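Asks: All chains should be modelled from the sequences, with the hints used to inform the complete structure.
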Amino acid sequence: MLEKSFFKNGLETVAAGVRHLKIVFVNAYLVDTPENTPDSWVLVDTGIPFSDGRILRYAEKIYGADAKPSAIVLTHGHFDHAGAALALASLWEVPIYAHRLEMPYLTGKSDYPPQDPTVGGALAQMSRLFPHSGYDFGTRVRPIPESDEIEEMPGWRVVHTPGHTAGHISLFRESDRTLLAGDALATMNQDSWISNVTEKKEFCHPPAPFTSDWTAARRSVKILATLEPNAVASGHGQPFTDAETAEQLKNFARNFTAPAHGRYVRQPAITNENGIVALPPPVRDPVRQKLIGAAIVAGGALAFSFLKRRRDNNS
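According to my numbering, the sequence shown is numbered sequentially starting from 14.
Please keep in mind that the hints were generated in silico from the structure rather than gathered at the bench.
Values in this document were obtained by computation on a predicted structure and should not be read as measured data.
Even glycine gets a Cβ: it sits at the ideal position worked out from N, Cα and C.
Hints should not be assumed to be uniformly reliable.
[What the hints assert, rightly or not] Label pairs and their in silico Cβ distance ranges:
id, residue 1, residue 2, range
1, Gly77, Ser103, 18 to 28 Å
2, Thr26, Glu187, 11 to 21 Å
3, Ala29, Glu164, 18 to 28 Å
4, Pro156, Leu292, 21 to 31 Å
5, Asp45, Arg232, 28 to 38 Å
6, Ser103, Ile75, 20 to 30 Å
7, Gly23, Leu104, 15 to 25 Å
8, Ala29, Pro294, 47 to 57 Å
9, Ala78, Thr26, 44 to 54 Å
10, Lys235, Leu292, 31 to 41 Å
11, Arg70, Arg113, 46 to 56 Å
12, Asp255, Pro167, 42 to 52 Å
13, Phe63, Asp124, 31 to 41 Å
14, Gly168, Ser103, 21 to 31 Å
Replies: Right, here's the structure in full:
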């Protein structure tokens with residue numbers, strides 16, 4: 014059974030030649046390619062920063078000592094998917110592929126739109142501690158060809174699935190209808206504190222605080238549902254591999270709902286090939302205001318205590 018707790022990490026087989034590696038709270042995928050050579054595999058997403066050691070250990074278990082892929086493919090460039098990309102690409106001397114609309118965030122031109130903790134839920138509150146900065150991968154990063162095919166991944170098709178980010182992609186293998194969805198959707202409810210521990214398997218909207226265009230996100234899920242996949246593996250949660258997967262995804266797409274409120278719910282971030290163009294104004298954040306208020310009260314109490322002690326010492 015694929016369903017595991019937050020604290021268990023390891024490899025699981027999603028489909029033929031596709032292995033799912035959980036890294037703390039995010040997934041990477043080791044995907045075999047047909048050449049049958051030591052570098053006949055591709056790494057899809059790289060986890061959070063400093064995940065390179067873990068990925069190297071598992072790659073060696075599967076492919077042998079000093080194994081390296083032919084390429085790294087990123088579904089998008091958020092810190093939990095691209096965190097170890099440059100370290101691994103530099104070690105392996107392989108290219109990093111991403112959609113052209115992700116390029117400004119991977120070449121030092123722009124940060125991502127800031128996260129929105131006001132959408133509510135567990136992940137939204139945790140996101141206050143997460144970065145939204147971009148990376149500079151220099152010459153290591155390449156745009157995915159306009160053909161939507163990556164030479165190092167024969168048999169796989171790139172599906173542009175914007176919404177979570179403007180350049181987000183998913184990967185689909187027609188031969189057995191395997192879908193690597195990235196963060197176009199999740200297979201767990203990240204809004205729930207309990208589900209973040211148990212990882213109860215269910216289709217859910219993409220990670221809410223980092224999704225900057227909910228209209229596009231809904232449209233992307235509907236596109237993925239039309240593929241009728243037999244297996245769906247996402248960036249967060251356990252893979253769906255049962256006989257009802259395609260119908261469950263269709264049902265989710267039909268009933269897809271955005272959060273009730275939030276900075277990007279009514280108005281998306283506007284971006285282009287150079288990065289951020291315009292952002293909707295921030296919305297009221299009651300939690301932040303309470304934290305600021307608590308800090309002011311605590312600071313005032315400390316100042317009063319200090320002044321009182323000073324006065325007592327001088328009397």
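Asks: Hints first: check each against the structure and report whether it holds.
Replies: Evaluated hints:
{"no.": "1", "hint": "Gly77 x Ser103: 18 to 28 Å", "verdict": "21 Å, holds"}
{"no.": "2", "hint": "Thr26 x Glu187: 11 to 21 Å", "verdict": "19 Å, holds"}
{"no.": "3", "hint": "Ala29 x Glu164: 18 to 28 Å", "verdict": "21 Å, holds"}
{"no.": "4", "hint": "Pro156 x Leu292: 21 to 31 Å", "verdict": "24 Å, holds"}
{"no.": "5", "hint": "Asp45 x Arg232: 28 to 38 Å", "verdict": "31 Å, holds"}
{"no.": "6", "hint": "Ser103 x Ile75: 20 to 30 Å", "verdict": "21 Å, holds"}
{"no.": "7", "hint": "Gly23 x Leu104: 15 to 25 Å", "verdict": "22 Å, holds"}
{"no.": "8", "hint": "Ala29 x Pro294: 47 to 57 Å", "verdict": "48 Å, holds"}
{"no.": "9", "hint": "Ala78 x Thr26: 44 to 54 Å", "verdict": "22 Å, violated"}
{"no.": "10", "hint": "Lys235 x Leu292: 31 to 41 Å", "verdict": "26 Å, violated"}
{"no.": "11", "hint": "Arg70 x Arg113: 46 to 56 Å", "verdict": "33 Å, violated"}
{"no.": "12", "hint": "Asp255 x Pro167: 42 to 52 Å", "verdict": "27 Å, violated"}
{"no.": "13", "hint": "Phe63 x Asp124: 31 to 41 Å", "verdict": "21 Å, violated"}
{"no.": "14", "hint": "Gly168 x Ser103: 21 to 31 Å", "verdict": "28 Å, holds"}
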